[in-house]
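Top to bottom, those sequences are chains V and R.
Here the working numbering is used: the first residue of the first sequence is 13, the next is one more, and so on.
Here the working numbering is used: the first residue of the second sequence is 3, the next is one more, and so on.
Hints listed in this document are in silico derivations from the structure and should not be mistaken for laboratory results.
Note that the coordinates shown come from a computational prediction; the quantities given were computed from them, not determined experimentally.
Among the clues, some could well be false.
Label pairs and their calculated CB-CB ranges [what the hints assert, rightly or not]:
no.	chain 1	residue 1	chain 2	residue 2	range
1	R	L107	V	F131	17 to 25 Å
2	V	R199	R	R43	38 to 46 Å
3	R	A22	V	P385	53 to 61 Å
4	R	S17	V	P30	49 to 57 Å
5	V	F131	R	T51	50 to 58 Å
6	V	F131	R	L56	30 to 38 Å
7	V	W332	R	G18	50 to 58 Å
8	R	D126	V	S175	50 to 58 Å
9	V	R57	R	A41	34 to 42 Å
10	V	A89	R	Y124	49 to 57 Å
11	V	R54	R	P84	54 to 62 Å
12	V	A209	R	A22	39 to 47 Å
13	V	S277	R	Q80	42 to 50 Å
To spell it out: a stretch of chain V is covered by chain R in this simulated footprint if at least three of its residues, at any positions, have a beta carbon under 8 Å from a beta carbon of chain R; those stretches are [claimed, not checked]:
no.	stretch
14	134–145
15	271–283
16	299–313
17	318–325
Only pairs whose alpha carbons sit at most 16 Å apart, straight line, appear in this in silico EDC-like list of lysine to aspartate or glutamate [claimed, not checked]:
no.	chain 1	residue 1	chain 2	residue 2
18	R	K38	V	D141
19	R	K38	V	D144
20	R	K38	V	E338
Where a beta carbon is used, it is the ideal one built from N, C-alpha and C, also for glycine.
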Amino acid sequence: MRPVYVLGVGAHAWGKWPEKSQLQLAIEALSAALADAGIGWRDLRGLVAASSRFEGGLGWGLHANEVLQAVAETGIAAVNVGGGCAAGQIAVHTAASMVASGECDVIAALGAERMPKGFIPRPPGQPDDISDTDYLRWVAMGATNPAYWALEARRRSHDHGTSAETYAKASVLMHRHAVANPLARYRKAITVEDVLASPVVSDPLHLLEVCAVSDGAAAVVLGSEQWARRSGAPLVRLAGSAVATGRFGDPAVRIPTVSVSAGGSAPHTSEVTGAVHGAQEAAGVGPADVDVLELADNSAWHVLAWPENLGFVEPGRSDWMLDRGEFGIDGELPINPSGGFLSFGEATTAQGVLQVCELAWQLREQAEGRQVPGAKVGQSAVLGLGANGASVVLKA
Amino acid sequence: MTDRVPVAENLFEFSGADVALIGSRCLTCGTHYFPKAVACRNPECDGETLETTLLGRRGRLYSWTVQAYQPPPLFRMQPWAPYAVGLVEIPEGLRVMAMLTSDALDELAIDMPMDLIVEPLYVDDAGAEVLTYKYRPGAAA
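Isolated chain V (complex conformation) (with noise of 0.2 Å):
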């Protein structure tokens, strides 16, 4: 296996975007992400795209395809991966193996998504009977999906002490992140007060600490070495990634499951911490070696339970390392720079592919106003429908 570069990156701004399609965003993210790099259509030797869950992909997530037919017909391969929110990381994993195997010199991974307003609806063609979980979890209780993260944060608060005061600081720190990040939805300051007025959605968490959906796009332009340093940017190598799915016996209430295991021996949210692990162990690094994380903090308590999930600070220990600053950009670990899911809304599958582009921004030490100093590693981590996880990791 060779070594894999990331040659590019670039983004479409988050928000609601009612006069461009899915695709468009698409185009412009790539397009922005080729100019990063320094090269052209013609140069790509293939293209992985997240595929959509709600618009275009010519309506069966061939959305790689539908993206080289709409700009750049050039034949090169076309791999559309599945993932549910995952899917953006595990197209950059599946765009990184086929660079280390020698299979593409240049190779670009893609995520784009116009979302629905409001809660994420069922899927399309699901039987209206309990043999779908999603069916059952709406007609039987309701269960919104920030109610599944009100359960994992009550029962935080009732093992860690974690007050509704430190949750609010989560969210606060998150928007505090994003002032800076012109790609954010939500980009202005908020209080603790703030977040505690916000209505609430489900008990214990506030609008203001829940993700919104948003519509966004990113693309990453990996390729060899070779290609690397013809760009003459900073080199960023793409040193590990790993996919996983969930492990029996894990105790996350796992959306839209209704029932969970009591006395398992797996992880928590374990589709996660075994990619997290896999990307480390590809990359040669342990947690204490990660400069800057970017999670999937679809809520406050992702902010403090992600970390100790995925190791990187001890059971418990995460409400003294917000309240001393240690996940701040100046902190010890510092988590979401970017400003997070809670600043840009989730643009499910696009939301991979953006933490991947912060990462390098980072590590090329170009993420004006919101500089993690010095940092030389990065990871990402994020979680998807059907219990899949990726991670990737960054190194300077």
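Assemble chain R onto chain V, guided by the hints.
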């Protein structure tokens, strides 16, 4: 008397005051599943046979939330009002998500004993009461 029908088939059984969830049990490793599973998911178990079993009559409250926003229309509840959703740990080795009885919101506490019941969510077009399973604070087990 008004007809009483379950919100979904194969989810729970009710007869008088006896209410139970319909799940599966692996005959080889003993793992329980709710709702019924298509196969045992334990990778260490080669068992191929699951039996249908009734479970979850009582448990302890592991966590809960109050759902303050009205869920999308697939969920029907008349009249709608904020209600609790809980995660109840049952002796069969599972934590089960369920609505909690709405008159008990302010007395909920982690680890309290819970009993399984059925309650109407709404009346359907044919005039039948549509029931779902819920837990309510119960006597100590």
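Report task. Could you tell me which of the numbered hints above are not met by this structure, giving the numbers in increasing order? Result -> Checked against the structure, the hints that fail are numbers 5, 8, 16, 17 and 20, while the rest are satisfied.
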